[in-house]
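*Asks:* Okay, here's what each chain looks like letter by letter:
There are 2 protein chains.
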Amino acid sequence: VIVYGRNPVREAQRGPREVTRVWEGLPDDELERICGSPDHQGICAEVAPYTYADPDSLLVDEDAVVLALDEIQDPHNLGAVIRVAEVAGLAGVVIPERRSAEVTPAVCKASAGAVEHLPVARVRNLADWLGEAKEADAWVYGASADGIPYGDPDYRGRVVVVLGAEDKGLRPRVAASCDELVALPMRGKVEALNVSTAAAALVYGILQFRMQS
Amino acid sequence: VIVYGRNPVREAQRGPREVTRVWEGLPDDELERICGSPDHQGICAEVAPYTYADPDSLLVDEDAVVLALDEIQDPHNLGAVIRVAEVAGLAGVVIPERRSAEVTPAVCKASAGAVEHLPVARVRNLADWLGEAKEADAWVYGASADGIPYGDPDYRGRVVVVLGAEDKGLRPRVAASCDELVALPMRGKVEALNVSTAAAALVYGILQFRMQS
Chain Y
10 VIVYGRNPVR
20 EAQRGPREVT
30 RVWEGLPDDE
40 LERICGSPDH
50 QGICAEVAPY
60 TYADPDSLLV
70 DEDAVVLALD
80 EIQDPHNLGA
90 VIRVAEVAGL
100 AGVVIPERRS
110 AEVTPAVCKA
120 SAGAVEHLPV
130 ARVRNLADWL
140 GEAKEADAWV
150 YGASADGIPY
160 GDPDYRGRVV
170 VVLGAEDKGL
180 RPRVAASCDE
190 LVALPMRGKV
200 EALNVSTAAA
210 ALVYGILQFR
220 MQS
Chain R
10 VIVYGRNPVR
20 EAQRGPREVT
30 RVWEGLPDDE
40 LERICGSPDH
50 QGICAEVAPY
60 TYADPDSLLV
70 DEDAVVLALD
80 EIQDPHNLGA
90 VIRVAEVAGL
100 AGVVIPERRS
110 AEVTPAVCKA
120 SAGAVEHLPV
130 ARVRNLADWL
140 GEAKEADAWV
150 YGASADGIPY
160 GDPDYRGRVV
170 VVLGAEDKGL
180 RPRVAASCDE
190 LVALPMRGKV
200 EALNVSTAAA
210 ALVYGILQFR
220 MQS
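Going line by line, the protein sequences match chains Y and R. Following the working numbering, the numbering of the first sequence begins with 10 at its first residue and continues without gaps. Following the working numbering, the numbering of the second sequence begins with 10 at its first residue and continues without gaps.
Just to be clear, a hint being listed does not mean it is correct.
You can't tell identical chains apart in this list, so a pair holds if it fits in one copy or across any two.
[To be verified] Heads up, simulated SDA-like pairs for lysine to any residue below, C-alpha to C-alpha not over 25 Å straight-line: (1) Lys177 x Gln82; (2) Lys143 x Val132; (3) Lys143 x Pro36; (4) Lys177 x Arg219.
For the record, the hints were derived by calculation from the structure and aren't laboratory data.
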């Protein structure tokens with residue numbers, strides 16, 4: 010796999026993936042031919058394939074916070090959410106195997122390399138996994154405009170926050186698998202936040218709740 | 010000016026700008042030639058130039074919250090921050106005249122059209138304007154890793170939140186013009202949030218503070 014860009018290459022070197030080769034200082038078009046993207050910022054690297062985490066390992070910690078993403082197909086959005094999760098110190102991100110962006114070099118770039126330091130797990134069926142998470146003592150919150158105010162719940166203990174694609178929201182079976190639906194206040198004329206900014210608002214709200222309780 | 014994309018064209022039609030012509034249903038390459046971008050999603054429109062707001066008008070309300078951006082040069086980041094500000098119901102966004110992205114069609118697209126409904130003001134000198142904001146009874150918070158925890162201040166009344174470019178942060182004179190520097194908790198290995206996710210975390214933190222006080 011060829012990752013590209015300054016942050017992605019640096020973080021791959023600092024993270025667990027083996028880096029077998031780095032190209033730097035070549036003409037732009039040569040780098041673009043190697044990595045397949047014009048966004049290489051003058052550097053790309055050959056690295057081992059990304060290793061996904063075991064989804065059950067994410068909820069071992071008794072105060073783990075995990076983000077689950079329901080069919081987020083845009084690599085930029087997936088990368089941006091992974092960056093939020095890593096910076097906030099979450100236990101990991103869960104994505105479904107199908108109809109979801111996977112961890113491609115474009116996602117590495119959009120995450121500013123954060124994906125090298127964050128467990129990302131894939132599950133066959135997201136609704137089923139949310140059921141298992143509940144059995145593992147997690148409380149599952151789905152982000153939805155129909156939800157209760159997001160500041161209301163008690164966010165202690167294991168928490169999973171589920172976010173849907175911005176145009177479609179959560180699928181009905183996924184929404185039904187949540188313990189509670191929560192909503193960010195929307196006070197404007199446009200309909201919704203981007204999924205990464207919604208993730209940031211929710212995740213930092215949860216961290217803030219925990220610091221105050 | 011030619012704006013492009015489904016949301017930007019729809020929001021231009023709903024907002025104050027005059028829309029003089031809409032192109033839809035043409036071949037993709039023809040639309041791309043008209044608007045100059047491949048991201049048109051099958052639609053573009055000719056609209057009146059964007060009208061910037063008077064910066065002083067943003068602080069009229071006694072509980073106004075304004076985001077000020079110190080030299081954010083990436084149009085995607087500026088658009089994404091404007092979208093957060095509009096969805097959260099803020100009074101507006103302030104940008105400096107120089108070394109900042111302006112409201113171009115690319116910014117309209119990145120804001121999902123939110124810029125049509127949000128006052129954006131340009132100022133000659135951001136540090137000077139922050140001084141004027143303080144004289145107008147606003148409390149000015151700069152986002153900085155060196156700051157106090159962002160959950161500590163009392164965010165009632167007029168508030169200005171200043172965000173810098175993610176690689177450079179606030180310029181020294183801008184940081185010195187703030188009443189207080191505030192920091193989001195950073196618990197990961199990568200250095201910082203993207204400016205739009207930082208804006209979302211801070212702005213929703215402030216709204217949450219106000220709802221609880």
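*Asks:* Confirm or reject each hint.
*Replies:* Hints and how they fare:
no. : hint            : result
1   : Lys177 x Gln82  : within (11 Å within a copy, 31 Å between copies)
2   : Lys143 x Val132 : within (15 Å within a copy, 51 Å between copies)
3   : Lys143 x Pro36  : neither (52 Å within a copy, 49 Å between copies)
4   : Lys177 x Arg219 : neither (30 Å within a copy, 30 Å between copies)
Against the hints set out earlier in the document, violations occur for numbers 3 and 4.
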